[in-house]
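Peer 1: Residue strings, one per chain:
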Amino acid sequence: MSIAAWVKRLLPPVTPLVVVFAAMEVAVRMGWVKEFLVPTPTSVFHALFTDGAGSREMWEALLRTAEGSFAGFALSAVLGLIVAVVLTSAGWVQRAFYPYAVFFQTVPIIAIAPLLVIWLGFDLRTVVASAFIVSVFPVIANTLAGLLSVDPALRDLFRLYGAGRVATLFKLKLPSALPSILTGLRIAAGLAVIGAIVGEFITGGGLGGLIGVARREQRVDKVFAILLLSALLGVVMFSLINLAGRLSLRHWHASESAS
Amino acid sequence: MPAKLAPLLAIAAALFLAACDRQPAAPPATGPAMPAVTLQLNWKADPEFGGFFAAQLNGDFEKRGINVKVVEGGVGAPTIQMVGSGSVEFAIVSADEVLIARARGNHVVPLFAVYQICPQGLMAHAERGFKEIGDIFGQSGTVAMEKGLPYVKFLQNKYKFDKVTVVEPSGDLSLFRSGANVTQQCFVTSEPIAAKRAGIETRTFLIADAGYNPYTAVMVTSEAYFKANPALVKAVVGAVRDGWAAYLANPGPANTLMQNLNPSMDAETFAAAAAAQKPLIETEETKAHGLGSMNPERWDTLAKQLVELGVIEKAPSLMITRVVPAPQTQPAKP
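Read top to bottom, the protein sequences are chains Z and U.
Counting from 1, one number per residue, gives the positions in the first sequence under my numbering.
Counting from 260, one number per residue, gives the positions in the second sequence under my numbering.
Derived by calculation from the structure, the hints in this document are not laboratory data.
Any given hint might turn out to be false.
[Claimed, not checked] In silico BS3-like links for lysine-lysine, alpha-carbon gap of 30 Å or less:
no.	chain 1	residue 1	chain 2	residue 2
1	U	K486	Z	K34
2	U	K390	U	K406
3	Z	K34	U	K573
4	U	K390	Z	K34
5	U	K573	U	K328
6	U	K322	Z	K34
7	U	K546	Z	K34
8	U	K537	U	K303
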């Protein structure tokens, strides 16, 4: 890509960022907004990159949170997919178990996280479990919707040719559900980051633990820096799934081949 | 010319307001101009706020012509920022929060310190046989404390955390009950009472005894509000002092009021907590200078400790300590 093309591509997303940051900086420096309520972008930058051990601690925390988020997300993706496939195996299975899957969507994670700590301990397992609980439902729901909305004509065709259940699942249902599955995974990716951070509120590690510390120290600059890091983590996960989606769908599906 | 007169006028106004304050028997709730202010608590209604509710119950605020709304807070209620931003006029914080806030440009003014001795402590299982607070850190175990709080830094600096694992507290007794090697942070007026009622033998150690003793449950306002409404602020402090005197003498009525707001805590616990906190509130210092009074030297000590611990870069200006009103003389009984 030429430089002009890059500029054209990067200008739209970067402009709002620059405008908002400049406005924040000016508002605080002019004293319109108090600095203990909103930090200046320069102080956030300092906390992120030039604060010595403080900055290093933050980036290390990001790695730990990434670990928890990825593991929780992977667990959600695999188990969510399996659960959705099992739920479509028979009408009565779905009626019997789907309502309980809803539990995962409604559980107030902040309320049960302290229990997770007692069951699983103050380590990565609690963080992974928290990320999993928060992110599994969108995978189940979207996969289920995808599996159930297979083109009836194609299903009839498979039946006509005497395709077995396994062949129908892998050659028809899962491929045609792929766009829905990817939607579910995109939602789950962001939620897994939130879930991991909430878990860390309780275990005290990673970005979640640091948010607690920064708040008690009344360091809004640190809090915002940590929020930026968690956003970064969310963007990375989201991008990876988009990449996976592009690779798997580009040859045949309208949602990816159009662009 | 008029510019030179302004300071004189300000002083005159201040004197006038100060004079007004000497007569607490301002007209009661009849006039339309009774100013309404909010006192934001940093936790649910419980005995640590007993005097504030007693002042409300006994009409101590109305007697001084102020309408004070006492509002409960939840977990992590950012009361110090709320005062600093002007969203509430008064709030409850702790002394170290005040100094950190001032060092960060949030100019709050401490007015009334409920706890002369900080009720923050560590609660261990009695079977561990600890004799003093340092023993907790002398052998392996789990200690649930909120990392980032200055007292935790103080303990880490003094005792090192090489042998113990520091974890986040659960906010209830569940973690504490999960094993005898778990020690947790507590308010000596709260968790030990709950543990006792749950049948757990505990031993509690005050952080203050280790040498870190910030005033706790400190009522603050913002410097801007204080400067704009000196008489009102003084009147609120006077009412609060009366409220605390009443509460210490007889906590029953305010406890009943608070229990309606916070039904998860039962009457017995209210009574036990009120009794447990009394020696932390009423000390030789308050007998000499009045309830809630603050000693500038203790603020200095605390500021020095926070600088040593690296919590703040340098001690913020201590104008904060001189604005505290002298204890009110008790009005003669009719």
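Peer 1: Check the structure against each numbered hint from earlier and tell me which ones fail, lowest number first.
Peer 2: Of the numbered hints, 4, 5, 6, 7 do not hold.
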